[in-house]
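J.: Here is what each chain is made of, one letter per residue.
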Amino acid sequence: MRGPGKREVTVRNEEIQVHRMRNFRWASIVFTSALFFASYAFDIQVLEGTLSGSRLLGFHLADPYATAQIILATRLIPVNLIIGVVTIGLVYLALGGRTFCSWVCPYHLLAEWAEVLHLKLVAKRIVRNHTFDYKLKYVVWLLFLLLALLTGFTVYESVSPPALLTRFFVYGSWGGLIVIALLLAVEILYSRRFWCRYLCPTGTTYNFIGRAAPLKIKWNQDRCTNCKECQAVCMVPFVLADTVNRGKLEYVTSGECTRCGLCVDACQDGALKFSVRYLDKIV
Amino acid sequence: MAVPWREILNRRSFLKTSFIAVFGIGTVVGVAAAPFLRPRTPRLRPPGAIPETKFLAQCIKCGQCLQVCPPQVVKLEQLDQGFGVGTPYIVPRKGGCILCPGLPCVLACPTGALEHTLTEGKDAEMGWAVLSGPDTCLAMLGENCRICLEKCPIKDQRPIEFVRHTKESGAVFHEPVVQASCVGCGKCEQECPTPRSSITITPRLRPGGSAA
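Residue numbers (the numbering used here), protein chains in the order written: chain A, 45 to 327; chain B, 13 to 224.
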């Protein structure tokens, strides 16, 4: 049922670049960060704290991975954190798991800009992209949990990019920017989206939530011309393999999908769109 | 051009080996480096802080205690303090804790790193005031200075008693003696009028500081 792929690709108008989802997403990241900032700087008290732990209008929110580390490091279960994790868990179950990464995490925004720079350097053959196995992040995820258990410190929380960045723009703790700069340098010069793709344990935790989340990218086989533009822009291109490459699935089911919508914007055939799995069968 | 180990190991077993290597090396390096990444500077923590080592593990570094602090004296550690990064502390000379009624910082803490069992400022065990500059203290020099006591947020007790002494020359002076009711909030250190505070806070090291 594939369309006449080649013809479609050759008539592609390079100037018509849609950035609708991306613009929404960037607005969302800036808005969330601005809420954190203004809640303290102007005392509007809407979203107080950082991305590790916060209160939204007084309700506890807590990062699941930070909480897991605290529980392992202290062997205690703080009730408020559990309330915060359950709330966050339900929110991201509704929104799609790694939605956190592409719609909330400020590091993601910086990494996207670094990615643009990286791709330009690659195009000019100044640098080369180095790829790793995506499963590396599960090793890192387990590693920092084990370190919390063995050392009694929340080791990862000392370098967690979302936490360091929110602490920077809420409280002015600029020291963490050293870590951020190092990571961005690696992403620009060595490996495309190195942190988010292969390492980030915060994102990996949301990955687990995202597998069960019904909000997914839906693939329309009849419209797809198999041009693979979607995979060219995707941070985790392999998540589209079972749909556009193999035609096995109707939905992008991997927990790695951040629901960033870059593929939706990139698809000139209208074959990819956001959809609520199960619900769209009923309605 | 193929490297020999690539011929021997297929991709799957190479991945497996490198993952185990990353995990093993990461664990060993992490555990070995941990003692060196402890915070170096002893800090005066906000009221209700649990013993230091547990505090470092339990604090989620969200800064909510800082946000609710009425006198805005709570600060967050920088990256140079290792695992202490992002944890709250007070610099008494720049601004001591005023032991607010209701202790909003303790109520704000989502993890219990500031223990919720503490409900009144007078029960806080933050540190001790120490007369660290007896030769500069104005009361010790015979002046009528009582600022440290006057600015002390604990009003129903006298955390600093002024003990009267008479020199051989007949001159009278008063020695500030810190009492057991002092909680170490740091207000005296902030308000002391001498160029270098003559009374300073030593953070209290509560027992049971081990992590596990």
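Some hints here could point you the wrong way.
[Said to hold, decoys possible] Computed spacing ranges between beta-carbons, pair by pair:
| no. | chain 1 | residue 1 | chain 2 | residue 2 | range |
| --- | --- | --- | --- | --- | --- |
| 1 | B | G114 | A | W218 | 31 to 39 Å |
| 2 | A | A78 | B | T53 | 30 to 38 Å |
| 3 | B | K134 | A | V74 | 27 to 35 Å |
| 4 | A | G314 | B | K106 | 44 to 52 Å |
| 5 | B | V43 | A | V230 | 51 to 59 Å |
| 6 | A | F176 | B | P207 | 37 to 45 Å |
| 7 | A | L79 | B | E132 | 20 to 28 Å |
| 8 | B | R52 | A | I88 | 34 to 42 Å |
| 9 | A | V230 | B | L27 | 14 to 22 Å |
| 10 | A | A78 | B | N22 | 49 to 57 Å |
| 11 | B | N22 | A | K292 | 55 to 63 Å |
| 12 | A | A285 | B | V103 | 53 to 61 Å |
| 13 | A | V320 | B | V41 | 26 to 34 Å |
| 14 | B | T53 | A | Y322 | 48 to 56 Å |
[Unchecked claim] Partial selection, computed: residues in chain A whose CB lies under 10 Å from chain B:
| no. | residue |
| --- | --- |
| 15 | V148 |
| 16 | I170 |
| 17 | F188 |
Honestly, the hints are just simulated from the structure, not real lab data.
The structure presented is a predicted model; accordingly, all values stated were derived computationally and were not measured.
Quick reminder that beta carbons are idealized off the backbone N, C-alpha and C, glycines included.
J.: Look at each hint and say if it fits the structure.
T.: Quick rundown of the hints versus the structure:
1. G114(B) to W218(A): 31 to 39 Å: 32 Å, holds
2. A78(A) to T53(B): 30 to 38 Å: With a Cβ separation near 33 Å, A78(A) and T53(B) satisfy 30 to 38 Å, so the hint holds.
3. K134(B) to V74(A): 27 to 35 Å: 45 Å, violated
4. G314(A) to K106(B): 44 to 52 Å: 60 Å, violated
5. V43(B) to V230(A): 51 to 59 Å: 25 Å, violated
6. F176(A) to P207(B): 37 to 45 Å: This hint is violated: roughly 58 Å between Cβ atoms.
7. L79(A) to E132(B): 20 to 28 Å: 34 Å, violated
8. R52(B) to I88(A): 34 to 42 Å: Since the Cβ atoms of R52(B) and I88(A) sit about 36 Å apart, the hinted range of 34 to 42 Å holds.
9. V230(A) to L27(B): 14 to 22 Å: 21 Å, holds
10. A78(A) to N22(B): 49 to 57 Å: For A78(A) and N22(B) the Cβ distance comes to about 50 Å; the hint holds.
11. N22(B) to K292(A): 55 to 63 Å: 25 Å, violated
12. A285(A) to V103(B): 53 to 61 Å: Since the Cβ atoms of A285(A) and V103(B) sit about 55 Å apart, the hinted range of 53 to 61 Å holds.
13. V320(A) to V41(B): 26 to 34 Å: Taking Cβ atoms as reference, V320(A) and V41(B) lie about 44 Å apart, which means the hint is violated.
14. T53(B) to Y322(A): 48 to 56 Å: Given range 48 to 56 Å: holds, Cβ gap about 55 Å.
15. V148: 15 Å, violated
16. I170: 24 Å, violated
17. F188: Holds - the Cβ of F188(A) comes within 10 Å of chain B, reaching about 8 Å at its closest.
Of the numbered hints listed earlier, those contradicted by the structure are 3, 4, 5, 6, 7, 11, 13, 15 and 16.
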